[in-house]
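Chains as they are written, first to last, in our numbering: chain U, 1 to 696; chain B, 697 to 926; chain V, 927 to 1123.
Please keep in mind that the hints were generated in silico from the structure rather than gathered at the bench. Cβ atoms here follow ideal geometry from the backbone N, Cα and C, with glycine treated the same way. Hints are supplied without guarantee of correctness; some may be wrong.
Stated by the list, open to error - Each computed DSSO-like pair below joins lysine-lysine, with the alpha-carbon atoms no more than 27 Å apart:
1. B:Lys740 - V:Lys977
2. V:Lys1085 - V:Lys977
3. U:Lys228 - U:Lys573
4. U:Lys581 - U:Lys59
5. U:Lys678 - U:Lys581
6. U:Lys573 - U:Lys678
7. B:Lys894 - B:Lys847
8. B:Lys740 - V:Lys980
9. U:Lys42 - U:Lys58
10. U:Lys589 - V:Lys977
11. U:Lys691 - U:Lys678
12. U:Lys685 - U:Lys661
13. U:Lys218 - V:Lys977
14. U:Lys183 - V:Lys977
15. U:Lys589 - V:Lys1095
16. B:Lys898 - B:Lys834
17. V:Lys1085 - V:Lys1095
18. U:Lys58 - U:Lys573
As the list claims (entries may be wrong) - Short, incomplete list of chain V residues facing chain U, as computed with Cβ under 8 Å:
19. Leu945
20. Gly947
21. Asn1052
22. Ser1057
To be verified - Now the in silico label distances, taken between C-beta atoms and shown as ranges:
23. B:Ile923 - U:Leu480: 54 to 60 Å
24. V:Gln937 - U:Val625: 22 to 28 Å
25. B:Ala720 - V:Asn1015: 22 to 28 Å
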Amino acid sequence: MKEFLLGKINMDSLPHEWFTFGGSLAFIGLGLFLVIVITRLKRWNWLWKEWITTVDPKKIGIMYFLVSGFMLVRGGLETLMIWLQQSFSVDKSHGFLTADHFQQIFTAHGNIMVFFVAMGFIFGLINYIVPLQIGARDLASPFLNTLGFWLFAAGAIMVSMFFLLGGQYAATGWLAVAPLSGKEFSPGVGVDYWIWSLQISGIGTTLGAINFVMTILKMRAPGMSLGKMPLFTWGAFCSMIMAVAVFPLLTATLFLMFFDRYLGAHFFTTVGGGDPMMYTNLIWMWGHPEVYILMLPCFGIFSEVVSTFSRKPIASYKSNVLGMIGVSTFALSVWLHHFFTMGAGADVNAFFGVMTMIIAIPTSALVFNWIATMYKGRINFSTPMLWFLGFIAVFSIGGMSGVLLAIPPADFQLHNSLFLVAHFHSMVIGGVLFGVFCGISYWFPKFTGLRLNERIGRYAFWFWTIGFCLSFIPMYILGLMGATRRLDHYDSSTGWRPLFIVMLVGGIVIAVGLALQIVQIIATFIQKNHLRDTTGDPWNARSLEWATASPPPFYNFTTIPEVSSIDAFWEMKHNGIPETKYQDIHIPKNTAAGFYISCFAFLVGFAFVWEIVWLAVVSIIGIIVVFIFRGFNDEPEYILTAREVQDLEEARTKKHLERTKLANDDDTEDMGVIDFIKIVISFAKDIVVNKRWRKW
Amino acid sequence: MKDSSANDSKKPIKEHGTTSSYVAGFVLSLIFTIIPYYLVINHKFSTSALISTIISFGIAQMIVQVVFFLHLGRGPKPFYNIVFFFATVGLIVVVIGGSVFIMNNLHYNMTPSEASKHLAEKEAIYQVEGTLTGACQKILANHVVTISGGKVTPHHTDARLCDTLTFINQDSRVSIITFGPHPRHETYSGESELTVKKGKNKTITLNQSGMYQYHDHLDPTIAGDFIVTK
Amino acid sequence: MVNEQTPTHHQAEADDRALFGFWIYLMTDLLMFSVLFAVYAVLHDNTDGGKTGKELFDLNLALTGTIILLVSSFTCGVGMIAARAGRKNQVLTWFGLTFILGLSFLALEFNEFSILIREGHTIQSNAFLSSFFALVGTHGLHIIAGLLWIAVTLGYIVKRGLNSNMVRKLAMLSLFWHFLDIVWIFIFTIVYLRAFV
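Bound conformation, chain U alone:
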C-alpha cells in the first residue's frame, strides 16, 4: 500500500547531506519568504490576475528573465564550487567535494546554464521584442506561449527538486551519455530528474517555437515583407525554425532513454542488442543545433546594436540574413564532430569535419558585416556597444579554436580536454551571454522606461570581460597541457595547479561582475527620476519596437504602423510619424490553462521519477481534461473599443508628462558603486534607528 501511494519515496530520500540540507533550506526558505511577502502585501489576487494567468508576451518575457536570472546565480555558484575544488584537490588533499558530488555539480551546471539560463533569456527577449519589432499586437497563439513558459518554469523547479527529495542529481555529464545513464550504472533517481526536467522544458520550448514561427510568418505589420524584417526578428526566426526542427528529436530520444530506464527496454544498453552509441548520435543531432538556437538571436541582437550605435544601416542586410540562414542550415549536418573519437571510419569523420569548417564561412561573413557596419560610423560607446565589442573579441578566439577542433586528427588529441571546454565557453559566454547582456542593456529602456545606470554597467562589463579572460585563457592552455575535463583531483607534478588557481580568481572576478549587474539594476530604480527615458527612443534607434511607448501598453500599438523599408522607425522619424487613429482592438483573455497543464506536467514527471503510477495516470488525465476545456473554449478574446483605447492613451500621456517634469527637474549624475553602498547603509540605518521594521 505504501509503495502504491508513494512509489520509491522513503526516509532515505529526505535530505541528509550538507548540500541537500542547504539546498532544501534555500528552496523552502525562498518559497516561504515569497509566500509571506505576498500575503503581507495582499498581492495574491494581483499575482494571479496580472502574472500567472497573463497571456501578454511582454509580461511572460519579464518572467523568463526572472527565472533565468535566478538560475544564472545558481549555476554561477556551481561554477565557483567546481573551480574551488579544482584549485585545492591536489595530491593528498581531496578538496571539499566527493567525486560523486562533483560530478553532479558539473552536470547540473551544464543543464542549468544551457536550458534554464541561456534558453530562458533568449525566450524572454524574443517574447518581449519580436511582437513589437514586427508591429503585432500579440502572438499567434497566446495560450501556447503561456504554456511554453510555465512548462519551462516547471522544468526549472524539477531540476532543483532533488535537494528536497532524492538527494542526488544525475552524475553523468550534461547530456547523460549512455550507457552510463542506464539503470545498470546509474540506479538512483538523479538521471530520472534529469530526463524529466529536460523533457518538460523541452516540450515547452517546442510549443513556444511553433508559436513564434506562426507569429513571425503570419502577423507582421502591413508592408513588412520577409525582406524588410528587422535583423533580431530574423535571428529569432531562424532560431525558432531550428528549435521546431530539432527539439522533437530531443523529446523522442529522452522518451527512449526513459523506456530504457523505466520499462527495461534495450535501446542504449550494453546488453540485449542495444547500442549506446546510437544515443550519442541522436542526442547530438539535437545538441549541436541547440547551440545555434541560442546563438542566432544573439547574432540578431548584435546586428541591431551595431547598426544603431554606429548610426548607420547594417552594411549588407542581405548577406546578414543569408549568413544566418546559412548557419542554421549547415548546423543541422555537423553533429558528428562531437564524437569523432567514437570509432567511425575516415570517410564519415572527414565528411562531418568538412561540414563543420564550412559553418565558419557564414559566421565570419556575419562578423565582417558587423565590422564593416562600424567602419566610418559615428560610434557611440555605450554599454550595449561595449558588450558587442567584447563579444567580437571572445567569439573570434572561440571560433578559431572551434575550427581547430573540427579537424578530426586534432580532435583526437583535444577531445574531452579542457581546451574543448574553453572553446565552447568562449562561444556560449562570449556569444550568447554577452549577447543577452547586450540585448538587455539595449532594450532595458523599452522594458521599464528607465535607462540603465551607465557607470556601474561599464564596471560590470570590464569585470566580466577581464574575469572571462582570466578564467578561460588558462583553460585553453591547460587543455593543451593535457588536462581533461571533469577532473576532481590531480597530481601537482602535472604543473596544472597555478593555472587552476588563476581560473578560480577569474571566476571570482566574474562573480563580482554579476553582482555589479544586480547592483546596477537596483541603482537604476533608486535613481528612477534621473534615469527616466522621456523620449521613448533613447538610442536614436531604427526598428519598430521604439515606435511605441516605453514600457508599451498591453496592446503594443494604438495604430499598427505601415512599413516600407528595413529601418521602419528611422524612416518614420524622417518622414513624420503618422497620426494616431484609435480603433477597436481584439485582446486575448487571460487563461490559467497553461499554468494548470504545467502543474500537471510537473506531477507527471515527479510521478515517473518516483514510480508512483496512480499519480502519473491522474496527472495525465488532468492534462487531457484541461486541454479539452481550453480547446473547446469559444471565446478566448474580447474587444477593447476605440473609446477605451483613447482613454487609456490619454491617461498614459498625462502620466508621462508628469514624469517628464520630474525627470527634467532631476539633475543628479549616474551613481557609482560607493554612492550605492552609502545609500544602502543609510537605508539600513533608517530602518534600525527609526524602527521601521515594526510596521511590517
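Since the structure of chain U is already known, use the hints to place chains B and V on it.
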C-alpha cells in the same frame, strides 16, 4: 489581431477537396498498398531491388495522400505549409540517413571482437598475454578463386587453417564479396566485405575453421564456398 | 458558409493561423517519428538471438490494419466535406464511422501486442523488439489520442451544433488523422513488409 488591410490580397481560394478527389486518392492508395504486398508475398525481385521497390511505393503513396487527402498546395498563398513539409522531409532524410550512415560505418569499424581480430591479423599479433588472438603465425598455402563472366571458379575450395585465399576479379565491374548465404551478411576473419575492383585481387587469411559461404553483394548469383580444416 | 453568421475577416485569419500552427505541430510530430524510424533502422537486426520479424509478424493482419486505416482516412475526408457544407448529421455519421474504424484498428494492434507479449516477446526482450514496440506503440498512442479527439468533438457538435469553430476543429482533426495514416504506411512498409523481403 492584424487589421484587415493587411491581407486583402490573400483571399481564401478553394482549398478543400471534393468527393471525387478523395475517391481517387483512396483508390490509388489501395493500389499502392496491394502491389508491394503482392510483390513481397511472391518474392518477385531480388532482396535489394524489392526493398527499394516497396520503399518507392511507400513514398508514392505518401505523395498521393498528401495531394488528395491533405490538399497541400491548395490553401491560400504563400505556401508556407509546403515549404515546411519539404523541409521536414529533407530533415527526416538527414536524421534517418545520417543515423544509418554513421552507425553502419561504426559497426563496420568497431564491433569489438571483430575489430580486435581484424587488427590482430593486420598487425600479425599472434597472442596477447598468453591468449591466442586467432591470427596466424605462418602462412601455409595459397588458394585462388577467380571471378569472371559472372561465375566463380572454382566454386568450392578446400583449405587448411592458416592458408590464404585470393579473390581475383576479371570481370568488368567491381565485386563486393560478402560472407554467408545470400541475403545474410556475416564476417569472416574480421572482414565483413571485401571490395575487389575490376582487374584487381584481394587476399584473406583463413584463420577460422569450418564451412563458409560467400557471395557478391551486388550480384548474389556470384557465390561459392570454402571449407577450412584444422 | 456555415449555418451561423459568416466569420469575420479577423476570424478567418485566426483560422488560417491555427491551421498553419497545427501543420507545424504535425511536422514536429513527424520528426519525432523519424527518430523512432531511425532507431528501428539501426537496431532491427539486433535480435540478440531472439526471433526475427519474419517469425513474429503476421503480414495479413498488418495488411488488414492498413486497409482499415486507409478506409478510415477516406471516411474522415468525406466527413470533412460534409462539415464544410454544414451538414451536421452527415458529419456525425462519417466521423462516427471513422471512430469505429479507428477503434477496430486499435483492437487489431492490441491483439497483436498481447499475443507477442503472452509468448514472451516484450519490449525487454531485445533491441529489435524495443524499437518495434516503441515505433508501433507510439503510433497506437496517437491513434488513441485521435479517437479521444473525435469523440469529444462529436460530443460538442451534438451539444452546440456545427459552428465555424467546430469546423476548424474538424479540419485540424482530419489533418491529424490523415497524418497518422501516412505514418502508418511507412510502418507497414519498413516494419512489416521489409521483414518478409
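TODO: Taking the numbered hints from earlier one at a time, note which ones the structure violates and give those numbers from smallest to largest.
DONE: 2, 5, 6, 10, 12, 13 and 19
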